[in-house]
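2 protein chains.
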Amino acid sequence: MTAARDAALRELEAAFPRERLVRDPGRLEAYGRDESDLGARPPDAAVLVESAEEIRAIFAIASRHRVPVIPVAARSGKSGGVLALHGGIAVSLERMNRILEISPEDLVARVQPAVVTGVLQAEVERHGLFYPPDPNSLEMCTIGGNVAENAGGPRALKYGVTREYVLGLTAVLPTGEILRLGKRSIKGVAGYDLTALLVGSEGTLGIVTEATLKLLPRPRHVATALVVFASVAEAARAVNEVLQGGILPRCLELLDDVSLAAAAKTSPYRFPPGAGAALLVETDGNDEEQVFAEIVRLAEKVQVHAQGDVIVAQNEAQRRDVWETRRYLSVNLKALHPLKLSEDVAVPRSRIPEMIARAKAVGGRLGLTVATYGHAGDGNLHCNVLFDRPEERPKVDEAVAAILRDAVDLGGTITGEHGVGVAKRDFLEYEQGAEVVALERRLKAAFDPLGILNPGKIFPER
Amino acid sequence: MTAARDAALRELEAAFPRERLVRDPGRLEAYGRDESDLGARPPDAAVLVESAEEIRAIFAIASRHRVPVIPVAARSGKSGGVLALHGGIAVSLERMNRILEISPEDLVARVQPAVVTGVLQAEVERHGLFYPPDPNSLEMCTIGGNVAENAGGPRALKYGVTREYVLGLTAVLPTGEILRLGKRSIKGVAGYDLTALLVGSEGTLGIVTEATLKLLPRPRHVATALVVFASVAEAARAVNEVLQGGILPRCLELLDDVSLAAAAKTSPYRFPPGAGAALLVETDGNDEEQVFAEIVRLAEKVQVHAQGDVIVAQNEAQRRDVWETRRYLSVNLKALHPLKLSEDVAVPRSRIPEMIARAKAVGGRLGLTVATYGHAGDGNLHCNVLFDRPEERPKVDEAVAAILRDAVDLGGTITGEHGVGVAKRDFLEYEQGAEVVALERRLKAAFDPLGILNPGKIFPER
Numbered sequence: 001m002t003a004a005r006d007a008a009l010r011e012l013e014a015a016f017p018r019e020r021l022v023r024d025p026g027r028l029e030a031y032g033r034d035e036s037d038l039g040a041r042p043p044d045a046a047v048l049v050e051s052a053e054e055i056r057a058i059f060a061i062a063s064r065h066r067v068p069v070i071p072v073a074a075r076s077g078k079s080g081g082v083l084a085l086h087g088g089i090a091v092s093l094e095r096m097n098r099i100l101e102i103s104p105e106d107l108v109a110r111v112q113p114a115v116v117t118g119v120l121q122a123e124v125e126r127h128g129l130f131y132p133p134d135p136n137s138l139e140m141c142t143i144g145g146n147v148a149e150n151a152g153g154p155r156a157l158k159y160g161v162t163r164e165y166v167l168g169l170t171a172v173l174p175t176g177e178i179l180r181l182g183k184r185s186i187k188g189v190a191g192y193d194l195t196a197l198l199v200g201s202e203g204t205l206g207i208v209t210e211a212t213l214k215l216l217p218r219p220r221h222v223a224t225a226l227v228v229f230a231s232v233a234e235a236a237r238a239v240n241e242v243l244q245g246g247i248l249p250r251c252l253e254l255l256d257d258v259s260l261a262a263a264a265k266t267s268p269y270r271f272p273p274g275a276g277a278a279l280l281v282e283t284d285g286n287d288e289e290q291v292f293a294e295i296v297r298l299a300e301k302v303q304v305h306a307q308g309d310v311i312v313a314q315n316e317a318q319r320r321d322v323w324e325t326r327r328y329l330s331v332n333l334k335a336l337h338p339l340k341l342s343e344d345v346a347v348p349r350s351r352i353p354e355m356i357a358r359a360k361a362v363g364g365r366l367g368l369t370v371a372t373y374g375h376a377g378d379g380n381l382h383c384n385v386l387f388d389r390p391e392e393r394p395k396v397d398e399a400v401a402a403i404l405r406d407a408v409d410l411g412g413t414i415t416g417e418h419g420v421g422v423a424k425r426d427f428l429e430y431e432q433g434a435e436v437v438a439l440e441r442r443l444k445a446a447f448d449p450l451g452i453l454n455p456g457k458i459f460p461e462r
Numbered sequence: 001m002t003a004a005r006d007a008a009l010r011e012l013e014a015a016f017p018r019e020r021l022v023r024d025p026g027r028l029e030a031y032g033r034d035e036s037d038l039g040a041r042p043p044d045a046a047v048l049v050e051s052a053e054e055i056r057a058i059f060a061i062a063s064r065h066r067v068p069v070i071p072v073a074a075r076s077g078k079s080g081g082v083l084a085l086h087g088g089i090a091v092s093l094e095r096m097n098r099i100l101e102i103s104p105e106d107l108v109a110r111v112q113p114a115v116v117t118g119v120l121q122a123e124v125e126r127h128g129l130f131y132p133p134d135p136n137s138l139e140m141c142t143i144g145g146n147v148a149e150n151a152g153g154p155r156a157l158k159y160g161v162t163r164e165y166v167l168g169l170t171a172v173l174p175t176g177e178i179l180r181l182g183k184r185s186i187k188g189v190a191g192y193d194l195t196a197l198l199v200g201s202e203g204t205l206g207i208v209t210e211a212t213l214k215l216l217p218r219p220r221h222v223a224t225a226l227v228v229f230a231s232v233a234e235a236a237r238a239v240n241e242v243l244q245g246g247i248l249p250r251c252l253e254l255l256d257d258v259s260l261a262a263a264a265k266t267s268p269y270r271f272p273p274g275a276g277a278a279l280l281v282e283t284d285g286n287d288e289e290q291v292f293a294e295i296v297r298l299a300e301k302v303q304v305h306a307q308g309d310v311i312v313a314q315n316e317a318q319r320r321d322v323w324e325t326r327r328y329l330s331v332n333l334k335a336l337h338p339l340k341l342s343e344d345v346a347v348p349r350s351r352i353p354e355m356i357a358r359a360k361a362v363g364g365r366l367g368l369t370v371a372t373y374g375h376a377g378d379g380n381l382h383c384n385v386l387f388d389r390p391e392e393r394p395k396v397d398e399a400v401a402a403i404l405r406d407a408v409d410l411g412g413t414i415t416g417e418h419g420v421g422v423a424k425r426d427f428l429e430y431e432q433g434a435e436v437v438a439l440e441r442r443l444k445a446a447f448d449p450l451g452i453l454n455p456g457k458i459f460p461e462r
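Top to bottom, those sequences are chains Y and C. Read in UniProt numbering, the first sequence has 326 at position 326, and its numbers run on one by one without any break. Read in UniProt numbering, the second sequence has 6 at position 6, and its numbers run on one by one without any break.
Careful, some of the hints might be misleading.
Copies of the same chain look alike in the list, so a pair counts if it fits in one copy or across any two.
Below, computed lysine-lysine pairings styled on DSS-like, alpha-carbon distance capped at 30 Å [unchecked claim]: (1) K158 / K301; (2) K214 / K360; (3) K158 / K214.
Rather than coming from a laboratory, the hints here were simulated on the basis of the structure.
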């Protein structure tokens, strides 16, 4: 450890009580690891902060000694955003986990960053309200992390992603300002949309200490159906027909043949032989009959492409069964092969069949199984490269690189909802070009002139 | 004119054909005027550009000679965004008015900036698709202007504002880069959300030459109703009950007593005596019965607060009648008093009655009539200060200043959809604070280090 870091740590010790300053290497390892497959890069210390002012104090110390600061919450990210690549101070927001306000009158919630997304959802639903973004990790991930990554989820098809629900933010900049950005009103266009810029900035521009979120009235009824197809192409055709037919379901989730085979292991449904793909669809609204009528209309539309019957869940237990087919996919795929690397490309909707075919072809070329599932309604696909032994990793990385480039070549993106982090930083320029990345670096410098906040994330290191 | 400008103009003359370079003072005046009440500030020249490359050439000339560049399209803005405060070169996008693509498969449109919003809407509707943002000026305003201002409109309540529909942009920066920002896929989180940052940046960060827009399936049925109340407070209570009751209509437009009196002059409806406010509500969807059922449920909810019957339009002609009551308000208010200054504050929904009361009180104090109407569902209110003689203008400006400060004091914003421009730049800091404005200026400098693009807009001049 350098002298600068020692000096910074001494200042932290003077500024924070012992029980909120983590120095134990065993505990620190957990602060430098997330749900990506990138291992642990522990920080030199972690501070369990309780206020924006404390974060400002940490930035002051870090600026004096030029040590990195890394914001950390649930560590459920998939792109390595919390890894302390160059050591430094982890700012753990875990204690800032209060729901500050739920206003049914303004349809607004104010929360601290470490509120768990699922907890907020349950709480607002008790008020008859609805917070739509539903990342798969919602029982673990936090609003702060969702804001950092601009998290999506199946319901994004109808309701949009996190960005659409963040009205305002309080953020601490590396330069020490504590800024209130955005608004509490639903609309507002004064000045630049700094709120939208911070959403999805992966903790590289500022640390969010409070979010003002837009809520909706809760749709009272939901209908869920599962449809099986002979092939991904048939399923993709059905997706297009539904959307062009003027139906906007809240979810349209696709499973390819490998995923379906894995799902079949625990799913309560017996899929017909030759099943090559499935769609999980869901409609919602306030009138039970209307919602049911819509799922039936949707079922009629896709029936012609389907293989066998459309399964419409008739009650809450059946709904849960249908969702479990989707939700435990990740676990079930690991039963096929113990290791996997999951990507989250997104492509224009018309390119879904080709994207899935290309991912499969990449696997075929390299002797790896690739399973694709995801949010077909908005073209966001999780391509999972399955493997058995760590030694296969170089080949797996080659497959991932090919899949990411294929997504870009099809007019899509390297990441639909997981973020760039460390995992995909070497592919950013392939998608955006050198000039756009250079502009992003200039923006980063406008927020963080010393480069102390979360260095090495999003952009390749120079 | 300075020597630098002369030199710049000589370079423009060499670079552009005579018929696309406007120098005539009479014609130039039109390029320096919009629908704000700020008069004309003509540029020294206007270039009718046809490509991004031409805009880059203009930026190169302007950079060499340090002369301002001002993007101009329909000139339907309400905040003075096109005024050439310091002369310079107007980049008129009027010839870049092609719809490049409508893809029903990807639910995407690609357009040039001068496509008129209403023209795009009609065209996508012919494909069974829907572009929701509907600023009142939609028969005149352009997508480029909508992107610059992040335009809203009545349907924003259910469908959101322009930002929610811009997937990607091509923009020319003052430094000469032609950047493709964003994506064609519905989702995508790679790098910073530069697309969202450009939307609403009022033509101060770059000039947009192409936009990729998200489309929706077109809702096939719409139901419209008009409800009269004894007071604004009763109407506001009804708004809250509708939204909390789990109904999200596509519009919830409010008219106060003065607006109603003005509307009564041409409206086909006879409002009951003592009518103090009205709500115009609209629901939409794909099933005619469902849509009608929803408006009836909504009508039942508000009936208890209403004065007299709820008028539900029974056919397209009646729908038009209801909308004309709202749409010709601006004209009808001018029949009460020939002059008016219209503001577009937004407040948290619960503060609507207080905002309207405060605006009225400001008028009372200064001896001016204030009429308020607007998008009550999202708290975006148009407060119109009416007056008779230009000499009253200082008093009117005082009233506007008080109304803008009241909106901020109630937790709202000085502008819900019109933008800051020149009109409200002196109030930006009152809303956002000095530190946020300083950060915005740093971002501006990251895009436009020489400060040549649209100077004097959004930020007070120093």
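How the hints compare with the structure:
With identical chains, the CA atoms of K158 and K301 are at most 30 Å apart both within one copy (19 Å) and between copies (26 Å). With identical chains, the CA atoms of K214 and K360 are at most 30 Å apart between copies only, with a shortest distance of 29 Å across copies and 40 Å within one. Taking CA atoms no more than 30 Å apart as the test, K158 paired with K214 passes in both settings, with 15 Å inside one copy and 13 Å between copies.
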